[in-house]
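My request is simple: use the sequences and hints to build the entire structure.
Residue numbers (the UniProt record's numbering), protein chains in the order written: chain A, 1 to 297; chain B, 1 to 297; chain C, 1 to 297; chain D, 1 to 297; chain E, 1 to 297.
Hint data in this document are derived by calculation from the structure and do not stem from the laboratory. If a hint is listed, it holds; no wrong ones were tucked in.
Simulated DEER-style distance windows between Cβ atoms:
#1 A:Ala-119 / E:Arg-156: 20 to 28 Å
#2 C:Asp-173 / B:Gly-125: 40 to 48 Å
#3 A:Ala-119 / B:Gly-125: 22 to 30 Å
#4 D:Ser-174 / E:Asp-58: 55 to 63 Å
#5 A:Arg-142 / E:Asp-173: 19 to 27 Å
#6 E:Arg-156 / D:Val-67: 27 to 35 Å
#7 C:Ala-139 / A:Arg-142: 13 to 21 Å
#8 E:Arg-156 / A:Gln-286: 50 to 58 Å
#9 C:Asp-173 / B:Val-67: 40 to 48 Å
#10 D:Ala-139 / B:Asp-173: 26 to 34 Å
#11 A:Gly-70 / B:Ala-249: 48 to 56 Å
#12 A:Arg-142 / D:Gly-15: 35 to 43 Å
#13 B:Arg-68 / C:Ala-52: 50 to 58 Å
#14 A:Lys-293 / E:Leu-55: 24 to 32 Å
In this text the structure is predicted, and so the values were computed from the model without any measurement. Quick reminder that beta carbons are idealized off the backbone N, C-alpha and C, glycines included.
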Amino acid sequence: MTTRPQLRQLGLNTGKKARLHRILFQHGVRNGTAIFLPYDQGLEHGPRDFFANPLASDPSYIVKLAVRGGFNGIALQIGLAEKFFWDYAGEIPLILKLNGRTDIPSDAEPVSPVHASVADAVRLGADAVGYTMYVGSPAQERDFEQFRQVREDAHRFGLPLVVWAYPRGSAIDSKGGKDSFYAVDYAARTAAELGADIVKVNFPRPELQAGARAEYARTFSPQQAIEAVVRSANRTYVLVSGGEKADDAAMLDKARMAMEAGGLGLIFGRNVWQRSYDDSLALVDQLKEILAKYPAS
Amino acid sequence: MTTRPQLRQLGLNTGKKARLHRILFQHGVRNGTAIFLPYDQGLEHGPRDFFANPLASDPSYIVKLAVRGGFNGIALQIGLAEKFFWDYAGEIPLILKLNGRTDIPSDAEPVSPVHASVADAVRLGADAVGYTMYVGSPAQERDFEQFRQVREDAHRFGLPLVVWAYPRGSAIDSKGGKDSFYAVDYAARTAAELGADIVKVNFPRPELQAGARAEYARTFSPQQAIEAVVRSANRTYVLVSGGEKADDAAMLDKARMAMEAGGLGLIFGRNVWQRSYDDSLALVDQLKEILAKYPAS
Amino acid sequence: MTTRPQLRQLGLNTGKKARLHRILFQHGVRNGTAIFLPYDQGLEHGPRDFFANPLASDPSYIVKLAVRGGFNGIALQIGLAEKFFWDYAGEIPLILKLNGRTDIPSDAEPVSPVHASVADAVRLGADAVGYTMYVGSPAQERDFEQFRQVREDAHRFGLPLVVWAYPRGSAIDSKGGKDSFYAVDYAARTAAELGADIVKVNFPRPELQAGARAEYARTFSPQQAIEAVVRSANRTYVLVSGGEKADDAAMLDKARMAMEAGGLGLIFGRNVWQRSYDDSLALVDQLKEILAKYPAS
Amino acid sequence: MTTRPQLRQLGLNTGKKARLHRILFQHGVRNGTAIFLPYDQGLEHGPRDFFANPLASDPSYIVKLAVRGGFNGIALQIGLAEKFFWDYAGEIPLILKLNGRTDIPSDAEPVSPVHASVADAVRLGADAVGYTMYVGSPAQERDFEQFRQVREDAHRFGLPLVVWAYPRGSAIDSKGGKDSFYAVDYAARTAAELGADIVKVNFPRPELQAGARAEYARTFSPQQAIEAVVRSANRTYVLVSGGEKADDAAMLDKARMAMEAGGLGLIFGRNVWQRSYDDSLALVDQLKEILAKYPAS
Amino acid sequence: MTTRPQLRQLGLNTGKKARLHRILFQHGVRNGTAIFLPYDQGLEHGPRDFFANPLASDPSYIVKLAVRGGFNGIALQIGLAEKFFWDYAGEIPLILKLNGRTDIPSDAEPVSPVHASVADAVRLGADAVGYTMYVGSPAQERDFEQFRQVREDAHRFGLPLVVWAYPRGSAIDSKGGKDSFYAVDYAARTAAELGADIVKVNFPRPELQAGARAEYARTFSPQQAIEAVVRSANRTYVLVSGGEKADDAAMLDKARMAMEAGGLGLIFGRNVWQRSYDDSLALVDQLKEILAKYPAS
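Printed below as a string of structure tokens:
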């Protein structure tokens, strides 16, 4: 078991520390861990994600679920944040997602365009901002450049910066793929090197080795892989993403491994709301039970 | 029947609410619905659209028609707004269209370039601004980036933001096409996620399924489709576009379905003015009769 | 005969109206018509245009010709305006041309880059600014974007904005070509929609129909074509360009047709100065005789 | 023999006139002519240019040579200007070269990126700024746009603007090549149209006619060609570039022809310093003897 | 043996001189030489570089090593600088690396995007900034443009500017390759011409001549090559990079040759930390022994 760094070790400025403290110790399990509800799928995948549970198409339903489920925060794009967060403003931390894209055009050279600002987040009373970085994209030049402005503004306004670090693009496809250990490990490190306070990654799959660098072409257990990823991120906290809806047991297993590895917590969307309201709350309870076992030292 | 959200539920700032109230309750049927007259075809398609009724080439004719017909507003590009709106300034709300393009070059990777500002709209006394977003365009990165500035300025100046959400581009062509249920549904949601106050869509055609996502490859009635689109947009009001001139009965039918689905109203151009002046007014009367049946709750 | 709109009908701000009044009523025929001398060919085509009359290579010669010939204005690029206009500053209105390009590289996707500002024009005492728009260029996105700044600045400083509306680019070539009625008509309208105060077009050739839109694939007389173009531009005044040096009788004929159609006047360069000084002045007299027959109403 | 325009005829603002006067009448031959030493080859070609005379690799050696040789100025990139000009600051005018590139990548679509500002030149006490324009490059759009800022700043700060007008790029290659009369003539005119105060050109070679415009496909003597180029530039002073090291007699001949044609002077680098120190000074003396015969009128 | 220029000869402004003095005379061997520890490999190559010594994945470990080893400075990207430098702030100079990229996508046309600012460096108390320039990249236009801002800001704030001058891109591959004498020599000169205060280069390999310019297609000893490189850089100090971990004896040899040639010192990362902590310190001692023999004159 790796140790999660303490909030006071991170060299954060006062605003970031204040808001992270609020998120980690005044919401969720209140022990320094976190479970977030991301709700950007309507943009990233389109309404098709809501066909499994049509109620989930309604942002009011989701915000209410996040509040009732006792999440540490909810991640919304600017449009939904403007029109739906005010109903519950103050009851749950908002992570304003600053960039996003539809999945309609090719993602061979993806960049997620910035369509909201850190100033928007401040105005809306958000406690953090989110940014999707497509690590390894042939278009990384534009990605890093626009990220720079976000990082600077987040620092200036004292908002913690959560990076969705997604290996993507044709170059990744030929080097093990987006979920390979190599790709996820590199993505976590990249977010840390560039200034993320929290990084969201998919759970690495060490068996995907085709095309990956030689160092990763050995046998690693999932636990070894996630621990390496958390080490690579070091003082950047790690959230494990749920991704597509999957088998509950497998998902809980990954959650446990991530926490054991020193992760900060979880960010689960479709796995949570692509089921009935009550089932969603029940699942969240199970996840929070896991988090409760990993309090801040 | 879905319920249209009330103006006071939308979380709008004071300026947006004031201007939307003026548009929706002091013009048109004055019951919270809307019928708009778009007049950007001279740019978007060229003067050929006026050959069916040469008088319609004259912006004076059109503005007068909008005033006499009791529309909730007229949408003009900056050049015509500067030179023709002042004759009737104050008599009808102006939606200043901030971007636009000719249809001469390829539209495989379309972006509609911004050629006017929200500040121009304020200066001209407009009550709203309009923006065309080509949802799914391979160039969505630039589209979203320029939209961001428009959204921020519209918020800052308190002008409602109407998004022409048009699925377009090579990626859309291969996924069901621009009028498919999949494409229209995703377009409406995208506008909502990114911060539109009102979204203009084409009426979805659920029978166009070739290439669309699996979730849409089932049988849906037109009524089901338009209801889904309105749900996806949620607190972003939906306007159904007339598109090319079509059979009147079919058009009235779509108008009824849209209102039944909880839509805000209609935005009809060529269907209105590609006929004689008197016929135009008669058609508008029919459309307003429909709107009258769907007052704000 | 179509009627040319009056200056007071155009909704112009005070500065634009003041300067247009000076141009139209205190120079040239002084009756609200105009004949301009464009002198940007040294950049647009290179010195080869001066081989027919080597004296015309000297900007001093040309500015003197414009003054002696009693033109309503002369159009110069910034470099020549800086070094040659001061000799005659105040004696003739200057239209500062704000963009331009050489014809050396391919013009498949043309944009005419902006290399001077409206502020330069104000500083030089210019009475108007000129902008070349390549309507239909595959690069129209950049064209419209840079035009936006020019339009805003021209409005802010009160300078009339003259648009050289040139259909160009591979998309135009395949739709009837740059001089087709379809292309010229669309170009005039585009300039009007985007905010030109005056638009300069080539005389349309209705017989060029290959590839043009169906509406234009009929028989139109040149008079019908130019009238349609003037109608499409409406409250944006129309200037007919001389283009390459041509037969004098044909040229005078076009001038007459343009004025009959409600055009504002003429902008003739090579046709004027690719002959001896005295012949130039004689031709100008003939053109001004035509203009004299079309006073402002 | 063409007459060189006088400084007071050029319409320059006070700062430009003051600095040009200092360059032309207080340095070099002090008669209104000029000989400049360009030293940007280390960037433009790399250190290989110094293999013929390794001492020339040291900027100190070159600046000293320029001072001792009595040049009218030395042209340096920002890095060398910062670290080497201060030794001799005030003893010789500095032309700060604002853009430049290595010759490593393809020059099919060249633009010379700006890496220093007019403000840097002011700070360093430079008396002029230099800009390389690749006339005819397929990338001329970016070239003209960045030139605009340079021109505006040079005007604002009163620094004379020297344009290295180089025909370049694939379009030039197919139209006679970079040294053809057509290309050089067009380049000189382009610099003048866009606002250069001084233009540096290669000596035109009228025998290169393959692909050039019809007007240039005749027999011209070198003297006729350079006279035409100077006429095309008109009130923009012309400097003839030395280019690669060549036969001394031929070089002196070109210098004589250029001055006879009304040129301002010479800008010779490799021809000067790719020989021993004493030989360099001897050559400069010969060149200055020529200049002495062409005093300002 | 070439002589290294003295600090007071470089024409630096006060802030740059003050900080360089601190780096060169108050840290390391304190004799005007330098050995730096670069730690940007986590971004540039990914965590795979840490597999040889997993402890090196932890930035705390590396910063401690730099302090204990008595380096003249440590180079970090913004993310690690924010979160790890504060532990040791003031104990060792920080070079904030302002740009960087992952090695996942193709590097045929590389540019290293800027993701931190000189202002960030000032805020963090850094004593210098670092910038990677890919000399010869087909994308050099963007590279030079972004470098310009960095150079200007570094001058304004008085921070020494260290340029990682890396020949890269398809054009370099076909001209001798990134380590050829031709490429390294040109890269060093380019950094000097554009305004670097210190340039970091790989040790040149004069035997790589395929495709290089004629001047370099002769036999040069390594010592001759590195001396030429130092001469090309002249008043820009030269650091020799360690590159991939190599044979110790060969590495020490290169270090000696570099110092003999007048180099400033060394910047060794993987060669240092891809071994045990004690071995790292032992190696650093050997390197510092070499530096001790080359005090500032």
